[in-house]
Amino acid sequence: MAPSIGPRSLSDHISLLSGSRTALGSIVLLAPDAGQRNGVGAPSVVSYDNFTLTGVSMADHEDQLQRAEAAVSADDVLNLQFTSG
Amino acid sequence: MYQYLLNNEMGTLLDFSTPSAAFVSGPRDVPLLSLTLGALLEEQRELHREREAVVFPWQGVRLTYEQLSARSLIVACSLLAAGLEHGDSVGIMAGNCYQYVETFLAAGRIGCPVVVLNNTYSPQELLNAISVSCE
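Protein chains in written order, with the numbering used here: chain B, 1 to 85; chain Z, 1 to 135.
Misleading hints may appear alongside valid ones.
What the hints assert, rightly or not - With beta-carbon atoms standing in for the labels, derived distance ranges: (1) B:Pro3 x Z:Gly26: 39 to 47 Å; (2) B:Ala71 x Z:Asp29: 29 to 37 Å; (3) Z:Ser122 x B:Val77: 22 to 30 Å; (4) Z:Ser131 x B:Ser73: 37 to 45 Å; (5) B:Gly6 x Z:Glu43: 30 to 38 Å; (6) Z:Ala21 x B:Ser44: 49 to 57 Å; (7) B:Pro3 x Z:Phe23: 40 to 48 Å; (8) Z:Val30 x B:Ser47: 43 to 51 Å; (9) B:Val77 x Z:Leu47: 22 to 30 Å; (10) Z:Gln124 x B:Gln66: 37 to 45 Å.
To be verified - Covered, in the sense of this in silico footprint (three residues per stretch, anywhere, with C-beta under 8 Å from a C-beta of chain B), are these stretches of chain Z: (11) 29 to 36; (12) 76 to 82.
What the hints assert, rightly or not - One side only, chain Z facing chain B, incomplete, derived with CB under 7 Å: (13) His86; (14) Met93; (15) Ala94; (16) Gly108; (17) Ile110; (18) Pro113; (19) Val114; (20) Val116; (21) Asn119; (22) Pro123; (23) Leu126; (24) Leu127; (25) Ser131; (26) Cys134.
Simulated from the structure, these hints should not be mistaken for lab results.
Source: prediction; values computed, not measured.
Each residue gets a CB set at the ideal place from its N, CA and C atoms; glycine is no exception.
Generate coordinates for the entire structure from the input sequences, incorporating the hints supplied.
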C-alpha cells in the first residue's frame, strides 16, 4: 500500500484494513515509518524497507527460493484484475 | 533523461525517422512463447545487464537490469519469509513507483498472483476486493 496516490491519502484505507480480520497476512507500507502490530487476527503493518531487509538476510533460505522458482509454471496465474463490468 | 532514452535506448526499438504502415500482417501460426516472468526477467538481464531497465524520476530511482533482477530476488525472499507460498495472492494499491515493479516481478518469480487493486477504490471497496481475492 502506498501512503497516498497523487494528492489522495490512503490512511483511511490502511486503518480499515489493519483493523479488519481478513486473510491478509500483513500490510507493507511504501513509506519509511511503519511497524505496528494491531489486534488479534488483524494484519501487521511494516515498512517496505524493513520488509525487504528480511529478504536481504535470507541467504540461508536460498534453497527455499530456488525451490519456489522451480515450482512456477508458465501456465500459473500471474495477475488478477477486477474489471468494472 | 527522456531525451537520453529516445536517443540511445528507444532509438533501436522505435525508428521514427521513416514512416511505416499503420496496419501490418504476418504469419498466424507462430507458436506463442511459453516462459515464466522470472525466466523472461533473467533472459533480459543476460541481454542487457548494465542498461537501465526502469527509471522513476520522482523517487530518484534508476535501476539497471542487473539491479532489478537482484532487487526482485530480495523481495521474493521477503515474500517467502513472510510465509507466502505458490498460489498465494499479493495485492498492490499504489501509483507508479519502483516498489510496484519490484513486487510484481518478485511475486511472479515465486508463483504468487499479483492482485492489482484499483487506485480509486474507497476503503470499503478495497476491503471487499481483498476479501474476494483471499478466498
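_When the least beta-carbon distance from Z:His86 to chain B is tested against 7 Å, hint result_ = holds (5 Å)
*Taking the beta carbons of Z:Ala21 and B:Ser44, is their distance inside 49 to 57 Å?*
holds (55 Å)
*asked:* Hint validation: Z:Leu126 versus chain B, beta carbon distance must be below 7 Å. Holds or violated?
replied: holds (5 Å)
*Is the shortest C-beta separation between Z:Gly108 and chain B less than 7 Å?*
Check passed: Cβ of Z:Gly108 comes within 6 Å of chain B, closer than 7 Å.
*Lying within 39 to 47 Å: is that true of the beta-carbon distance B:Pro3 to Z:Gly26?*
Since the Cβ atoms of B:Pro3 and Z:Gly26 sit about 46 Å apart, the hinted range of 39 to 47 Å holds.
*Interface hint for Z:Val114, Cβ within 7 Å of any Cβ on chain B*: Hint on Z:Val114: holds, closest Cβ of chain B at ~5 Å, below 7 Å.
*Could you tell me whether the CB distance from Z:Ser122 to B:Val77 stays inside 22 to 30 Å?*
holds (26 Å)
*Count residues of the stretch 29 to 36 of chain Z with a Cβ under 8 Å from any Cβ of chain B, then say if the count reaches three.*
holds (count 3)
*Take the C-beta atom of Z:Val30 and the C-beta atom of B:Ser47, compute their distance, and say whether it sits inside 43 to 51 Å.*
Since Z:Val30 and B:Ser47 have Cβ atoms about 45 Å apart, the given range 43 to 51 Å holds.
*Look at the Cβ atoms of B:Pro3 and Z:Phe23 and judge whether their distance stays inside 40 to 48 Å.*
Taking Cβ atoms as reference, B:Pro3 and Z:Phe23 lie about 45 Å apart, which means the hint holds.
*Hint check: 7 Å Cβ-Cβ cutoff, Z:Asn119 to chain B*: holds (5 Å)
*Report holds or violated for the interface hint on Z:Leu127, using the least CB-CB distance to chain B and a cut-off of 7 Å.*
holds (6 Å)
In the structure shown, a violation is registered for the earlier hint numbered 4 alone.
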